[in-house]
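Residue numbers (this note's numbering), protein chains in the order written: chain X, 1 to 351; chain C, 352 to 671; chain Z, 672 to 1201.
By construction, these hints were calculated from the structure, which means they are not laboratory data. On a predicted model such as this, the values are computed, not experimentally measured, just so you know. Each residue gets a CB set at the ideal place from its N, CA and C atoms; glycine is no exception. Honestly, I wouldn't trust all of these hints.
In silico negatives: residues of chain C with every beta carbon more than 10 Å from chain Z [to be verified]:
1. Glu-373
2. Tyr-444
3. Thr-540
4. Arg-544
Some residues of chain Z that are not near chain X, with every Cβ distance over 12 Å (derived) [claimed, not checked]:
5. Arg-745
6. Pro-756
7. Asn-772
8. Leu-777
9. Arg-791
10. Asp-822
11. Ala-840
12. Ser-917
13. Gly-1004
14. Leu-1007
15. Pro-1034
16. Ser-1087
When the alpha-carbon atoms are kept at most 25 Å apart in a straight line, the in silico DMTMM-like pairs for lysine to aspartate or glutamate are as follows [as the list claims (entries may be wrong)]:
17. Z:Lys-1028 - X:Glu-229
18. Z:Lys-1082 - Z:Asp-1129
19. Z:Lys-726 - Z:Asp-898
20. Z:Lys-726 - X:Asp-230
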Amino acid sequence: MERTGTAAPREAASEPGGPGGRRPFRGIGSGGAPAGGSATDFVQRHGALVVLVAVLAGAALAFDGFLGVGNLNHIAVGAAFPAIIALGMTFVIITGGIDLSVGTVFGLAGVLAAWASQYGSLAALALPLSVCALIGMLNGVLIARARLAPFIVTLATMLGAWGLMLAVSDEGTETYVIPDGLALTPLVQDRFLGIGYPVFAVLALFAAGGILLRRTGWGQQVYAVGGNEDAAALMGVPVARTKIAAYTLSGLLAGLAGALNAVWLGSGVTIFGIGIELDAISAVVIGGTLLVGGYGFVSGSLVGVLLLESIQHIINAISGLTSAYQQVVSGAFLIAVVLAQNYLSRRKRPG
Amino acid sequence: MTAVDVPAVCGDRERVIGWLQEYGVYVGVAALLVFNIAFTPHFLSVENFRTQAVQVTPVLILSLGMALVIATGGIDLSVGSVMALAAAMISLYLGYGPVAAILVALVAGAAAGAVNGALVAFAGVQAIVATLAMMIGGRGLSLVLLPQLDGIRNAGIRELGAGDLLGVPYLVWVSAALIAVVAFVVRRTVFGRRLVAIGGNRRASELSGLPVRRTLLAVYMLCGLFAAVAGVLATARLQASDPNSIGQLIELSAITAVVVGGTPLQGGRMRVAGTVAGAVLMQLLVSTLIKHDLPPSWTQIAQTAVIIAAVYVARERGRR
Amino acid sequence: MTAAAAQDGAGAVGPILRTRGLTKRFPGVLALDGVDFDLSPGEVHALVGENGAGKSTLIKVLTGVHAPDSGEVRYRGAPVRFETPLRAQQAGISTIYQEVNLIPLLSVARNLFLGREPRRLGLIDFGRMHRDAARILHDYGVEVDVTRPLDRLSMGARQMVALARAVVADARVVIMDEPTSSLEPREVETLFSVIGGLRERGITVVYVSHRLDELYRICDRVTVLRDGRVVHTGAMAGLERLRLISLMLGREMAQVERQGATTFGGAHEQRAAEPVLVAEGLDAHRRLHGVSLAIHPGEVLGLGGLLGSGRTETARAIAGALPLRSGRVAVAGVPLRRRSAAAAIRAGISMLPEDRKGEGIVPELSVRENIALAAMPRLARFGLVSERRIDRVVEVFVERLRIKCAGTRQKVAELSGGNQQKVLLARWLALNPKVLLLDEPTRGIDVGAKAEVQRLVDELAAEGLGVMLISSDLEELIEGADRVVVLKDGAVVGELSGGEVSEGALMQAIARAGRAGAGGDAGADREVEP
């Protein structure tokens, strides 16, 4: 890890993972979102970014080498896997739903990928992706067609995915190892310009997600479903299909994140995965997406993930605090953001 | 939906679903009992019933508190973490004697519930989000306070977990008492009527002068308190404080028990007997699977199916 | 008929939509009973009837919400059976509902084009979409920044967007359900000119409204429904107003003339000179500007004014349900110190809210629980409910208000609208109030219940209660109130009492207060240009 460096490269290096990551989506957005102008709108849209910059700046002053390429890469790669989950979560939350199953789906995907890696890279991706997409689709069908409450359905499949993972890993006793020389491994573990490949993959995924959400008919339908479901149905939006697609996408992306994570770690660890869904939800909400649905953007979720990850690194840097502290901070942070959002939206629409 | 085209069939289907909502849980319990009597060796023994009754205690107590919250149209995902918090408190304050430790644990539970309640009632945060944050944060806090399992050697706590009165374990006495309290509160008190009305129509309740926020706060506090009781009892039975694994995913069982018992997730209705039967059903289901040597993975997948089925049946009337 | 109409698929003279023997049964009700209904291309067709007459069922059958039990719908000459509202819409039958069905947080342009966005290279072409949206909405009198979210628009402008959307989607038949109920007068004018434009283009408009003036102004033909049957179809012109009312109500004309349209008696005697309720300088952010009024015991005080003039807000402010910047409310000389619904109730103020479903009934609870809801603390001791006391109170009111239910333990959701309203009245009367604020007490309930509620208001006033009545039914207001305070833009602009209380005087009082749009209400309302 590079701990020292001159100021200029540091600034440049902050671009890909930091503010630069927003670029593909900026300027498109005068459409569905409350148009900029007033201060509250600005805070809603860019508040997370401002805080992120402030946090990074503060950390750079407080800790030597915090903005070094090595450390930033560390943060960015650490954020990469949660970011992929948060991307899927963004779509689900904009439809007005929530997906609590992504944590254990993430864990399940890791075990599946590690198990399937004995059959090659393709299998290591195809198996977890298809299983997780199916779980997501099951969520979607139960929520959209059977009209069950999203949180209870996804809470149940959270348990189901955990059970599935136990079944695959011989009740959690077996840890599958990714074989050496898997073609996928270098693609996940290597770096370009000191930045890990997963970071670029995440940027590409978010760019695609942004275009999907803002510039395609399906994206409009996602907003419409979250904004007013009944009206959307009357306006010809295939509500059920839109929701099913959103949950499938969420499952798929959680699966991708889990598979990549397993390859990155070299084994399918049977971690519980609980708490990841909270991080993902927090990131999405911090990024300005409304939990009630109908409003939000993917770039914000990326900023949200980076912000959470940076804070975690700072906590680690302060001292060797346990991950338990991180959970406390995470919970508190989510509440703080939701309170701020409530306050802002109350100010925006008096009465 | 074909409901419009074939009214007769639709009426039957509706009646079946209505009946299932009302009595399905009892049928389920009876079916599992019959199955176990027929196929499980040594099922019909005092010892086994004692075990079942003791094992159901935490979920049962949680689901009572959960039912109150759900009746107001809310949800509390943090109950498992509050159990862990209570367990940690027991271990930390046992030095001041078992009674003090239990009191501290209960206060901590009520305080966690108060935070949930304040966020939901006064700050207008969605219940799912507020309690999800508490679920994660509360677990983290308990682990910060008590990083690993801590055995409990205090005689009083051990007696609470293992002893009995008139041949009935203390744990069962406690849950019976709490069932009675909740039934009384719901049927006979103004508070009980209010919480159901708030779940049925919050704005109407506000305009009718009901102290909506105070009631909600109290309901979440009660739920936290009940969760702490469950945590204390589970710790006593385990004879160890284990904030890492105690109450993990138990909120799901509690919610399922409530919904299976006929209290709809959207609130406005509250069934105490059904909730108790729902908790018993979940307990019997798990123990049946275990007794027939199915691995935990199967237990969880089966639970998933039951939850979804229960919510599906419950939804039907809620929509009307 | 216009040229455009003549080109229509059904041919020059054939109806665009025609039903024969349409029947729809719900459990216990025959909602439609052999309905024959024709629509010609390019006509504005009024569909009228009291609540429960079958209007909404007919609309729902035509638009694919319900399937008919028997009978036939022919659209453009061919028999059709729409499975969903969407199918009906795709075929060209669109409905504009009272509660506008659009997506509030989505931009105006996106709402307009949702599902048919202009594309370039497979992606949405926002530049073109915004230009087109602005151009289209211009024709509907909506001059707004189309990139703004829809919820920044006034209700009238939103309705125009919904209408524009229907027309953009090639609607041949547009069904408008009470389109003017939330519009300002100038918005109504815009709507009428837009409807005129639709007629020119050969689009058929089905106009559902209770406002007879409007029907006579813009409708060509009228169909009157009663008890699920068509009792009259014919040209609007030449149909006498009184005859139309009698067709709707099913009462003899002479009876209507003799009794008037409401069941209110004459003026009430004021027993005391001291007002039971005094409100002074009620001021709520952007909604009320120093409203002061007083209600005497035994008096029915009407609140007059147009929609959005602050009538509902005044009632809510008095009842503690609207946060105030300043202002005082005193009951029987005792000022209220805390501003909350609970405090107002304790002081003896009861308010029947306008939104019966949303703010009134608790649908899952029984009639009994609903009646006892507000009075619960008084029907309990030490926090414990007394079933006996509840039963006593409930029995009294079920009998007095003639609430029709299959026992007091029946779920209130299963009752008719009128009976639900009576349950709510019972809830408030059970509190033994000194002042009763009634916000649209008879809206959306059947004629019989309406008459009973009006009679009850009379009785209550005669018993010495102070009553405040808000009603958009002008006749109800004029005949029911002893005195009318006229509001406009959140301020009192006049007062009528005794012989002055008449429709003409009320109109004048509203008109006198200056041109429309004066005063500082929400800027959003200015989106629609006359």
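These are the hints, each one checked on the structure:
no.	hint	in the structure
1	Glu-373	holds, 14 Å
2	Tyr-444	holds, 32 Å
3	Thr-540	violated, 5 Å
4	Arg-544	violated, 6 Å
5	Arg-745	holds, 24 Å
6	Pro-756	violated, 6 Å
7	Asn-772	violated, 4 Å
8	Leu-777	violated, 5 Å
9	Arg-791	violated, 10 Å
10	Asp-822	violated, 8 Å
11	Ala-840	violated, 8 Å
12	Ser-917	holds, 36 Å
13	Gly-1004	holds, 31 Å
14	Leu-1007	holds, 21 Å
15	Pro-1034	holds, 18 Å
16	Ser-1087	holds, 24 Å
17	Z:Lys-1028 - X:Glu-229	holds, 20 Å
18	Z:Lys-1082 - Z:Asp-1129	violated, 29 Å
19	Z:Lys-726 - Z:Asp-898	holds, 10 Å
20	Z:Lys-726 - X:Asp-230	holds, 21 Å
Comparing the model with each numbered hint stated earlier shows that hints 3, 4, 6, 7, 8, 9, 10, 11, 18 do not hold.
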